[in-house]
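A.B. asks: With the hints as constraints, model all of the structure from the sequences given.
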Amino acid sequence: MSATKYESQLREPLVNGNKTYGQVTQDIVHTIEAKPTRLWYIGFYISVALLMFGAYSVYREVTYGIGQWNVNRTIGWGWDITNFVWWVGIGHAGTLISAILLLFRQGWRTGVNRAAEAMTIFAVMCAGQFPIFHMGRVWMAFFTLPYPNTRGPLWPNFNSPLLWDVFAISTYFTVSLLFWYSGLLPDLATVRDRAKTKLRKHLYGVASFGWSGSTKHWQRHESLSLVLAGLSTPLVLSVHTIVSFDFATSVVPGWHTTIFPPYFVAGAIFSGFAMVQTLMLILRKVMGLHDYITLGHIEAMNKVIVLTGSIVGCAYLTELFMAWYSQVPFEQDIFFKYRIAGPYGWSYWLMMTCNVVSPQLFWFTKLRRNVLFTFIMSIVVNIGMWFERFVIIVSSLYRDYLPSSWSIYYRPSIWEVGFYLGTFGLFFTCFFLFSKYFPVIAIAEIKYVLKGTGESFKNDMEGLESKQLGEFVEEMHHGHHEEGTVKIAHH
Amino acid sequence: MALKKFVVGCFEDEKVLFPAVAKVRKAGYKFHDIYTPFPVHGLDSAMGLRETSIHTAGFLYGLIGTTTAVTFMTWVFTKDWPVNIGGKPNFALPAWIPITFELTVLCAAVGMVLTFCYICQLAPFVKKHTFHARATDDLFVMVIECGEKTNEDELKALLTSVGAQEVNTQIAEEGWWIGRYDQEQALYKEPNIA
Numbered sequence: 001m002s003a004t005k006y007e008s009q010l011r012e013p014l015v016n017g018n019k020t021y022g023q024v025t026q027d028i029v030h031t032i033e034a035k036p037t038r039l040w041y042i043g044f045y046i047s048v049a050l051l052m053f054g055a056y057s058v059y060r061e062v063t064y065g066i067g068q069w070n071v072n073r074t075i076g077w078g079w080d081i082t083n084f085v086w087w088v089g090i091g092h093a094g095t096l097i098s099a100i101l102l103l104f105r106q107g108w109r110t111g112v113n114r115a116a117e118a119m120t121i122f123a124v125m126c127a128g129q130f131p132i133f134h135m136g137r138v139w140m141a142f143f144t145l146p147y148p149n150t151r152g153p154l155w156p157n158f159n160s161p162l163l164w165d166v167f168a169i170s171t172y173f174t175v176s177l178l179f180w181y182s183g184l185l186p187d188l189a190t191v192r193d194r195a196k197t198k199l200r201k202h203l204y205g206v207a208s209f210g211w212s213g214s215t216k217h218w219q220r221h222e223s224l225s226l227v228l229a230g231l232s233t234p235l236v237l238s239v240h241t242i243v244s245f246d247f248a249t250s251v252v253p254g255w256h257t258t259i260f261p262p263y264f265v266a267g268a269i270f271s272g273f274a275m276v277q278t279l280m281l282i283l284r285k286v287m288g289l290h291d292y293i294t295l296g297h298i299e300a301m302n303k304v305i306v307l308t309g310s311i312v313g314c315a316y317l318t319e320l321f322m323a324w325y326s327q328v329p330f331e332q333d334i335f336f337k338y339r340i341a342g343p344y345g346w347s348y349w350l351m352m353t354c355n356v357v358s359p360q361l362f363w364f365t366k367l368r369r370n371v372l373f374t375f376i377m378s379i380v381v382n383i384g385m386w387f388e389r390f391v392i393i394v395s396s397l398y399r400d401y402l403p404s405s406w407s408i409y410y411r412p413s414i415w416e417v418g419f420y421l422g423t424f425g426l427f428f429t430c431f432f433l434f435s436k437y438f439p440v441i442a443i444a445e446i447k448y449v450l451k452g453t454g455e456s457f458k459n460d461m462e463g464l465e466s467k468q469l470g471e472f473v474e475e476m477h478h479g480h481h482e483e484g485t486v487k488i489a490h491h
Numbered sequence: 492m493a494l495k496k497f498v499v500g501c502f503e504d505e506k507v508l509f510p511a512v513a514k515v516r517k518a519g520y521k522f523h524d525i526y527t528p529f530p531v532h533g534l535d536s537a538m539g540l541r542e543t544s545i546h547t548a549g550f551l552y553g554l555i556g557t558t559t560a561v562t563f564m565t566w567v568f569t570k571d572w573p574v575n576i577g578g579k580p581n582f583a584l585p586a587w588i589p590i591t592f593e594l595t596v597l598c599a600a601v602g603m604v605l606t607f608c609y610i611c612q613l614a615p616f617v618k619k620h621t622f623h624a625r626a627t628d629d630l631f632v633m634v635i636e637c638g639e640k641t642n643e644d645e646l647k648a649l650l651t652s653v654g655a656q657e658v659n660t661q662i663a664e665e666g667w668w669i670g671r672y673d674q675e676q677a678l679y680k681e682p683n684i685a
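Residue numbers (this note's numbering), protein chains in the order written: chain A, 1 to 491; chain B, 492 to 685.
Be aware that one or more of the hints could be misleading.
[Stated by the list, open to error] Pairwise CB distance ranges (calculated): (1) Tyr41/A with Glu645/B: 51 to 59 Å; (2) Arg369/A with Glu643/B: 45 to 53 Å; (3) Lys216/A with Ile555/B: 55 to 63 Å; (4) Val328/A with Ser544/B: 49 to 57 Å; (5) Val251/A with Phe616/B: 53 to 61 Å; (6) Met322/A with Gly533/B: 50 to 58 Å.
Source of the hints: derived by calculation from the structure; they are not laboratory data. Quick caveat: nothing in here was measured; it's all calculated off a predicted structure. Each residue gets a CB set at the ideal place from its N, CA and C atoms; glycine is no exception.
C.D. replies: And the structure:
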């Protein structure tokens, strides 16, 4: 019978292997219950060392002032804001995966959303450091908040994009954190209920807020997730839009363009997905999650990368075209004399190669499904996206309207670099802790899609030949109260 | 602390669970709850639960955020400390859209999560009775409260007949408490697979 059976493969399974619910739990939770591997310790200590170096760099900056950095007139933003925008951009993929793909009912998000959301939160934490310490007198950072004070009260300027940024980033961080943690509650409860030591039971009991898995709670949880996704979708778009306003509302040539919001958002998704790929491929390898993060997942993310990379490429070309078409001499000088050529021309072409040319290789299915190539590309893309921000900031600032204030060639000081490395330390320290102590894959969500889209779904197809179609559909539908997952193989 | 008596039936497959729910309801029993490891769509309506209205709460919180942002910025820039910036209008509504939007989202999200935690009684250190340790792993645990008139044996027989793998009676606290997770600190044991 099976030899003649035609199996129509509409979509590849989201979960490979014939898994039961219990196996899913076991596969994802066992790394939490086991002792960390040596590789984990090595990675963790390197991250902590970087974090320490970053902390010392920040200490020098706070104690001696911004002079510790090589930022100058006119390049006041330098590496600092480059890094800020870079990290914020990376922080966009998590919410995109968990919110926008939830609204679009993309089942494959379940394999990667938890870790991607965690990545988002850590990336936003890193991003937040840069504008805060760029203030110089960091102990005054709370002046940005509109609180009743004894200076009038003197309020912040609500018309300023820099203040919008304060609201956008802090809202984004809070909402992402809530979204992530509310999704984690059931999975932490799973770890709690499997605990074999009192300490673990206690700690995960506290962390899981006493989650029981009640049907009513699940119903509310589903509704909560959906609304948070609905809120996060415009939020994630607004955050990078507002970051781009920091540039676009100024009158600096190369910044003052209306194309910036969509261009920045596409770039953010682009770099964010690349970072998700970097982390996921490592997690997948180290924790043996091949059945949950399949080649299909990697390919889907690579498709997003090639799409957003092409959008970014279009934006670069549009900028060049508009500089010529506008006939504004300052715009033309910035783009044609000082950006694609001049002392910083190398960074422009590096950006072009990494962001526009190399992702085009992802049009080939073979390369999209090649793990090693994807890993290399994910790093190339993030190098390119860092240089995009560097190009935007530095090449627009080092030659401004007054030739007398044109700055010398800008190089970062060791403490500027140290600050950047420190945020890598922060990011990876958090990520290592997360991967050890939290379920890196959304267990409940995997179980939810398991029978509808996993390989085990085929089990239910056995009786197909002997049944009437209507009878079969009725039976299938009863078991799977999900929309549109009933696959019917025809002869 | 109100201790109550519950009859607990555990199911391994949601395909068995759905007909069982219908039969148990038809027999006139009222569910205390069904604990599942993941959201089983349709189970809420099969149990006769009403739709949640938490999204309405979210909408209201969002409105609060919007009004707070708009009224506050209006008050600051037109009443409390008007600043003449190149003759631009003090009431600069378009420039306030970003902050208004952010505050709307912030209030809606925070409000909804707090409401969710409140109505589901979820908080750090809150403890609830676990009817079966595998309810968060791979079992669907149906819990029915025993009233004075409930015939326990009959109910157990019914649960077995509709496909429950494991049926037992438990005397447990129905609400939540703060303290040790459970008095015996019963830890997880590997399930006995025969």
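A.B. asks: To test your reading of the hints: which numbers does this structure violate?
C.D. replies: Per hint list: 2 and 3 violated.
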